[in-house]
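As they're listed, the protein sequences go chains A and B. Take the first sequence: its letter number 226 is residue 781 in my numbering, and every next letter is one higher. Take the second sequence: its letter number 134 is residue 689 in my numbering, and every next letter is one higher.
None of these hints come from the bench; they were simulated from the model. Just so you know, even glycine gets a beta-carbon here, dropped at the ideal spot from N, CA and C. Only true hints are included.
For lysine-lysine, the following DSS-like pairs were computed, each having C-alpha atoms within a straight-line distance of at most 25 angstroms: (1) K768/A x K768/B; (2) K705/B x K768/A; (3) K768/A x K705/A; (4) K768/B x K705/A; (5) K705/A x K705/B; (6) K705/B x K768/B.
Pair by pair, the computed Cβ-Cβ distance ranges are: (7) E648/A x P993/B: 37 to 43 angstroms; (8) G850/A x R645/B: 38 to 44 angstroms; (9) A859/B x E673/A: 42 to 48 angstroms; (10) T852/B x A953/A: 58 to 64 angstroms; (11) V876/B x R986/A: 45 to 51 angstroms; (12) D586/A x G613/B: 43 to 49 angstroms; (13) A859/B x E652/A: 31 to 37 angstroms; (14) G815/A x G850/B: 54 to 60 angstroms; (15) A600/A x P1005/B: 27 to 33 angstroms; (16) G815/A x R985/B: 57 to 63 angstroms.
Protein chains: 2
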Amino acid sequence: MDLALSLPNIDVDTSDEVLAAYASDQGPVLDIARPLAVIRAESVAEVQQVLRWASRTGTAVVPRGAGTGVSGGAHATAGCLVLSLERMNRILEIRPEDEIARVEPGVINADLSTAAAEYGLMYAPDPASYRISTVGGNVATNAGGLRCAKYGVTRDSVLSLDVVLADGTLITTGQETFKGVAGYDLTSLFTGSEGTLGVVVGITVRLRYLPVKVCTLAAFFPNLASAAAGVLAVGRARVQPAIMELLDGETMSALDAAHGSTLRNRGDALLLIQTDGYGADTEAEVVASALGALGGTVSREGSAEALELVDLRRHSRGDAVHTELRVGEDVAVPRSRLVSYIEELHRMARDHRVRLKVVAHAGDGNLHPTFWVETAEGSAAALRLDAALDESITVALAMGGTITGEHGIGQFKLRWLAQEQGEEVRGLQRRIKDAFDPAGILNPGKAILPR
Amino acid sequence: MDLALSLPNIDVDTSDEVLAAYASDQGPVLDIARPLAVIRAESVAEVQQVLRWASRTGTAVVPRGAGTGVSGGAHATAGCLVLSLERMNRILEIRPEDEIARVEPGVINADLSTAAAEYGLMYAPDPASYRISTVGGNVATNAGGLRCAKYGVTRDSVLSLDVVLADGTLITTGQETFKGVAGYDLTSLFTGSEGTLGVVVGITVRLRYLPVKVCTLAAFFPNLASAAAGVLAVGRARVQPAIMELLDGETMSALDAAHGSTLRNRGDALLLIQTDGYGADTEAEVVASALGALGGTVSREGSAEALELVDLRRHSRGDAVHTELRVGEDVAVPRSRLVSYIEELHRMARDHRVRLKVVAHAGDGNLHPTFWVETAEGSAAALRLDAALDESITVALAMGGTITGEHGIGQFKLRWLAQEQGEEVRGLQRRIKDAFDPAGILNPGKAILPR
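My request is simple: use the sequences and hints to build the entire structure.
Below is the structure:
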């Protein structure tokens, strides 16, 4: 089984540094595994060739975009091939009148938006990682983002996928039109399947109109509860903001420390809101008035400040710090539960003696609490952190929430999946997996629970 | 196998008139089949009981909402049970702060919107049949509608489904939050599966804000080509209308004859556009100016006239006329092909000597051409009609389109499905069907092609 001999003309990399670099994504690593080789495919034909070989030899294949996922969906498993799509990064076509684009999976999200902007269009899904993550990776996790309150998640922009199946067969799902209901919705099934059903090698997306105007409001509140109440007030005013982000005091302090900003002086909680389109000004006035009535200090940000604020928010995950053990969560709860869920989070942090900061895509009820402890505190602290995470999940589910709003199950969140989905649903998912990948070579141990 | 004895306490109807009434939906009937019985279920438990019995006895089950589908998805097959969900018609819950509603499948679409309006909310998907079709039926076909240009199709509003599987097992898919990516997207898989994978018995939908303002524009054009060009001009002006309908001269004449309106005097083609929300006025001005520049005669309709116009459009299918053999189509093409596709349709009508009228959800590129001949002309005319239909499908596919934008495959469109989807895709769909319904009792002969 000499891989290089079996796959002539394909760049099969088995160097130590590359194997190490591609062994994990940005998710927590439970046990590090060394891939057999890393292949950075250059074409659809190469992907097919690799999968045919993997099928023949029963070798696991872990598809990978930019490796920016945070649930371990692209972690290597022992002896696997890591199949990176990063070199397949061409924008194949933008058709402005049809308002669609066709891209290879390795195109960086931001690059597609930049290219679309020349035609007054945008690619709406904008995960915080949009400057470094690929459209293919976004499809694999059905990534959300800041703008999905108004424009939907990745799935809502994907019209058609080219997918290489486990046995190397190439199929095309969906259609190039905005609507289409012929047969089962395979496009949605592959979207969010984290590379366990097939390898996405081509993507046709719907583009949206680049807003003619964007207004950014910063509303600082004396406490989180009143900020969360503001989210519901905006809804009652029947404004659908493009972005509605909630940042707590700890998050603002962390941003101030890292970037020299002075957010924390202005309040204990921040609602960062963008309205867009022809109604942006009017909507911003309506929002400002609704939030002012709740005690918010609302300022209309100029374009430079606004850009900076939204940019800061996108960086609020922060960089990894070696002296801290951190885990970012991704639960979602029904919007009315935002206040009580955040109160519960603070109680958990006290009970388990861990640090906590919270940001939320508040318009969607999607929260990213980050818990952390000092590495120096050792394994007892790590256990407390784990206990806090477990409780944050249990409480979110009890409120009618989900364990993952937009990051995916990957490898890291498998431990909680059975709390959300009963055996019948898990069984159906396994039956789908078996129908698509009977030998189980595609990204094994990710996304769904085994028997 | 006495059905009534096997299902005590369930109302099993085998009367001739009910069997006849439930033998077909509003789609063309290829061969009429008599059901074994009609069951109008009253509860989830009854649906489970029926499916357990059907599984045990290998009896086909045809789930049915209001029977308003137009592709024959609810046509009876010989010896089947028709399982109507029409009596399960309660709105279980509206949670205004969470912006969601939970309903039984038999709720009429318009009733849900009316109930939501009390909270300033709306259920966005609005098929032309919204006053008579059920939410469950809309889910089964992934129904579109007028407003989906802006608000998306049924799938985009469905968060969670309660589904009874072929063996009677009850599962819940998805989540009550706006976002959620745990496991495969079963919610999207069931949506549009036309009752072939399971019976939907409960639906949680996302509600949207009832627009604070709606503006309606009627733009009459001297010909279809300039009206279709108007669709692209609105896009270039970066306005996303809520509704953008295109009606041709024949459609206007038919509406005038049926309703006493005087549309046809005003032009050869009509673009009917609604903008909504806080930017509605500004958007309407932008649209009016863009369409005026293309030679459109644009009027801003007062609310009574506007309602009437949109209502007329919803009735543009017209009622069945016994002296005419009519078939309405449902293709979609990329938006830039609207003009050339409509030109092709007219050529086909001439070539095959059939009558033609066209309406389109133009914003989505989704066209509903209707072809018809006089019944008195006999079978030769019926063959010409069929030939025109076949050609309309072939040409739409050649332009990158689909054979069904929103009506579903049902039974009637199976004959064209292999032209759109290759054997590999069809094979995957069958594998899914086998995984969900190994005995093939759920709505057999619909939605997907057999081996």
